[in-house]
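Trainee: Here the structure of chain A is known, so what remains is to put chain B in place on it, guided by the hints.
Given next are the chains, with one letter for each unit.
Number of protein chains: 2
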Amino acid sequence: MPATPEWVKALKPSGPQGNELLDLERAKSSISVEKLSDYLFGHELIAKRDQILEILQSEKVFDKSQNYTLGRVEKFPLALARAKKLRQLKVKHNWSYVEEAIAQGLVGEPHPYGLHASMFLVTLRDQTTPEQQEMFLKKAENYEIIGCYAQTELGHGSNVRGLETLAIWDPSDKTFIIHSPHLTASKWWIGSLGRTANYAVVMAQLVIDRKPYGPHPFVVQIRDLKTHQPLEGIHVGDIGPKFGYNTMDNGFLLFNKVKIPHSHMLARFSGVDPATSKYIRPASASLVYGTMVFVRSHIVFESGSVLARGVTIAIRYCAVRRQFQDRDAQDRAGEQQVLNYTMVQIRLLPLLAATFAFHFTGKAMMALYEANQKRMLKSEKPNNETNRTAGPEELNPVTDLLADLHATSCGLKALASTSAGEGLEACRRACGGHGYSSYSGIGSWYADYLPTLTWEGDNYMLTQQVSRYLLKSARSVLQGKAQNNDTCKILKQFLERRDMGAAFDILGKDEDIVSAFAWRASFLTFEALKHRDEEKQSWNSLLVDFWRLSTAHSQYLVVKNFYEALHDKSMGEALDTETITLLRQLFRLYALHTLENEASEFYTSSAVTVRQIQLARTKAVMQLLEEIRPHAIRLVDSWRFPDWQLDSSLGRYDGKVYEDLFHRASELNPLNALTIDPYPDSEVMVKRDGRDKMGAKL
Amino acid sequence: MPATPEWVKALKPSGPQGNELLDLERAKSSISVEKLSDYLFGHELIAKRDQILEILQSEKVFDKSQNYTLGRVEKFPLALARAKKLRQLKVKHNWSYVEEAIAQGLVGEPHPYGLHASMFLVTLRDQTTPEQQEMFLKKAENYEIIGCYAQTELGHGSNVRGLETLAIWDPSDKTFIIHSPHLTASKWWIGSLGRTANYAVVMAQLVIDRKPYGPHPFVVQIRDLKTHQPLEGIHVGDIGPKFGYNTMDNGFLLFNKVKIPHSHMLARFSGVDPATSKYIRPASASLVYGTMVFVRSHIVFESGSVLARGVTIAIRYCAVRRQFQDRDAQDRAGEQQVLNYTMVQIRLLPLLAATFAFHFTGKAMMALYEANQKRMLKSEKPNNETNRTAGPEELNPVTDLLADLHATSCGLKALASTSAGEGLEACRRACGGHGYSSYSGIGSWYADYLPTLTWEGDNYMLTQQVSRYLLKSARSVLQGKAQNNDTCKILKQFLERRDMGAAFDILGKDEDIVSAFAWRASFLTFEALKHRDEEKQSWNSLLVDFWRLSTAHSQYLVVKNFYEALHDKSMGEALDTETITLLRQLFRLYALHTLENEASEFYTSSAVTVRQIQLARTKAVMQLLEEIRPHAIRLVDSWRFPDWQLDSSLGRYDGKVYEDLFHRASELNPLNALTIDPYPDSEVMVKRDGRDKMGAKL
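Chains A and B, in that order, are what the protein sequence lines are.
Residue numbers are given in the UniProt record's numbering: position 388 of the first sequence equals residue 388, and the series is strictly consecutive.
Residue numbers are given in the UniProt record's numbering: position 6 of the second sequence equals residue 6, and the series is strictly consecutive.
If we strip away everything but chain A, and leave its shape as in the complex, we get (with noise of 0.2 Å):
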């Protein structure tokens, strides 16, 4: 690289400092970021955090530097020794599940253990005998094994029940024939299977004496343990380069009539009787069925600080970025911080304030799913279903609650991830071109979480499950059968009130805003009904219908849940009356800029008037966005980002934008280590820094 001149090493940006812009913001505000982010995490995690962050940073294998220049090849073994040290790490320290977690967050990058450590683990976990523990459980814990779970194929994803592998049982030897009958059967996007484990839980159709009994788990090897070659039978690899997660290796596994023995079917919960060759019914999967309900609401909880990371990135860059006088100014004032437009403020502070909401909601739902589960494991009841892949229309779970919970999670799964997702693209391009580039820190972020749309459920084939519910419910409700949840209890209140039509003070009231939520949901449920049951509109008619409801009945959650939080008696004994106040306003400035998004199911539904609607964007989130301006900063550094892991010139906590995009650029860019020859006629002459000139072999 050539070295950079004295004369530019001398410059300075132009008008004030970065660091000063961050400065004059930070005391402008004077809520306290400690007792916010203490009160939002925990400040013993925070504590953690820092300590597991050094020793993150004093290997070398973790440095960041060059993280978004690799290519593929070069970016798989890199994210691979950084697996293996971050187990390393976790066996000296003896880290638990939850610093475990921290680690990765920092290091920050999807990795090749990812699914090993997860879902493999895990389902050896959930859906193992006694016995099984001992043969695969043990040895995958110790990384003796490496495992990937192996659900997905080429041909079917949302459909599980459409899975082509087969598992044909043979008596003759008392075992299963793992098969492919199609190239559609083949496995497909399964994470840590391409280049790396050697085991895989593979979901296939279980076929007893030519009757499909629907998919089942199987725990397969699929490389040998000490070549790491595949198998006899076995066609594995990695499915290439993908718009994000190409740290990750995502896999194809095809087999051509490979035994296994009895015992590797996971048999907790069902299975075959080897003498008889009978299937062996499940006898409950309520305790699996609630993996999904935490597996979804952690997506909900992890979405606000996914989101976050985006917006303290393009917060603090547009306090430090200036463009244009003030069009009304009168004096020559100098050019303003881009978070003093309107135009910039509308579409960041609404992302701030959801940061917060999907914090709470997700926090409630954790809270929900803990105490469920702690009941259901006092009276497990029978069930007739088995496997963590059937849809829930088909279970029978234990109880209601648990039925709403996962209605509920599904789709605060799918408006939360969404919502993240769309959210950081929107801050990158509110950082204006500098969020183009790779330095700004989004971009790749962005493009590694956007799978978490289609995982666990698309986002959009999830509105089916949640709108499935909400027909059901209203139904009992109707029939005077209505459960004692909180779906039903909105509904019940719509149904009463129905006739006398809803006046809500939404812009007085923080409550009516809740009501107003809860009754365009409740509406939009009714005449989804109507449709359905009255009109017999057929259900793919409908599912536009679906979706729109679901979005409407998981935003009513949020705003409930946000309402919630704020009332909660620890917020009042964590956080002074500023602070809350604040709290408060991010509550309005997110559930009114989302009803005015929304305005024509608010109008349609009646919740409230057209005069509102427009009162609502002209007045309230106007002036919220002023009243919140002041303290964005401080918000988002509540968040406690250390700049370590948001790896982003744009967003570095001392503002200094200017001088760390010109260090990575000038300094750590390899492409300027290559002289190129420019003319057109002549070869590309690549020469690399000092070293010998290349003759382009292209």
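Think of the hints as simulated: they come from the structure by calculation, not from any bench.
Predicted model, so just to flag it, every value in this text is computed and none were measured.
Misleading hints may appear alongside valid ones.
Since the list gives no way to pick one copy over another, a pair counts as held whenever it fits inside one copy or between any two copies.
Unchecked claim - In silico PhoX-like pairs for lysine-lysine, Cα to Cα no more than 20 Å straight-line: (1) Lys9 <-> Lys257; (2) Lys226 <-> Lys509; (3) Lys536 <-> Lys619.
Mentor: Same frame as chain A, now just chain B:
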């Protein structure tokens, strides 16, 4: 790469094959793909395209198989080799500008000569004196010097007047001193500058006798013509990796008091008299001003095909992909094509409609521009502004028509490029999981397109210019001084009818749809005018309103242009009734779908009733989806993208989606040449194919 076993080669996808499904789709519709595409693009153009395609495919350097895998340092020299080859082919085959652009489009990636071939040459042509043409233009046209256009700086993008680079006139030796006083003065984002160019047109603040005269263009040599090393006092390099566009070397550039001769200031429009050191004011800038209109109109025109590429891929794949049975189906009829689901249709078919809407709108804009340009050439008038970088509000365009064209091209550029960018991402997501694979062909296309939303005027910034023009027009209409253009016409009509109210039959009459869009845009214009002129609201507080207003006006223009294209004589002559009827359905789908998305503005303006919107949503749009569905494949076929251009497994013309995904993953994916050691306590142990083991140096 491990060889693919024979038993794998024998596998086929299950169920009806992709090619069979697409054959059936094509048989369902009888519209003529050839006639439609000939009408859209011209028969000759397509024939030319096919010739050029053949030439490109025969050149090894254009092999696309590793495009998605390479890192930045490998990508760039390859892109340069391709740029050189393209230049050689152009010379060899004597390609016209249009033919060159076709070739470039087929290769489909930005390249290091990009800014030389566009802005550098254009600026030298437009802004030089005859002597300067001799000095610079000829060499540039022959690629004896390679240039770029250096305007944007690290600290200034949108606000061109804020540029910091100085060009200080030194009367003692008749030179300009080009100087970067601060780090933020560094040129930044300059295409072709990072590694390639040896010359630059530098926009710098002209200073004569300590008095600033605003940004002016200067030609500066930056690298040695032989060694390609930076010249004394110049620090130049590539700005680093980006979200996309990584085949281009966007660069930075700093000057330490670099002297250039007087003759290097581009002096066609303005200059410095070397004898008196007096500034020479520009004579006319209207042609340059027109260039901005041209560039933006071109972006509008291109947005149709940019989006069509994603739509083609997504619609073809959704016709091949099958998932789930119809929930209402009595018999177990097998899985549905995903394209049959209304939730997929509502995401894709309005985008398909938009491709045609933007195509016709762009075409109309370019025709208007050209007609106006001809008129202007006849009657060039004096003007007191100079460079292409000045904000249009300070310009005095020669004709009012040009002002109208300018404003409409700003608004349409913002609308069309935002729609195309976001539409591509919607297409990617509509492909489900496989949309995330690079082999979908959408991700990198989307990532490379995104800068269009920022350059040639940031899409949010541009909406201020549109609104400023609309407010001015509204004032002139109120004062009875309306210009004779379409904008003033609709504003007048609105005023005349305001006290009678509107009664648009949007579901019955196409022309009433256009009127409803005009009404809403006019309503918002006079609302904004009231806020600004009567209520004296600050400019900043109205930015969100302005953005909505610009969007509304631009949507009106798109709807109007599409409507007019349908009633153009040429269409009736070229196409049969069935095709025209189908295009009319696409018009209605685009318009009514937009209308329901923006419903609340249509109510508030009383352009339509709540009932009409409900009917549009639940009846008209759903029915249009059903009517257009059978023609979807033929409609995307009519965009005529060759498979080689799409470079997409999912978008193949023959529907062999799964075979192609598998082939690429298993046989073209270089990651599969690596064998790793999976255990955490080992080295990474990368082994590449049969070659020696390499201990990881990570």
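Trainee: Each hint: holds or not?
Mentor: Against the structure, the hints:
For a Cα distance limit of 20 Å, the shortest separation of Lys9 from Lys257 across copies, 15 Å, qualifies, whereas the shortest one inside one copy, 66 Å, does not. Taking identical chains as interchangeable, the C-alpha atoms of Lys226 and Lys509 are never at most 20 Å apart, the minima being 67 Å within one chain and 74 Å between chains. For the identical chains of this complex, Lys536 and Lys619 are inter-copy neighbours only, at 15 Å across copies versus 43 Å inside a copy, given an alpha-carbon limit of 20 Å.
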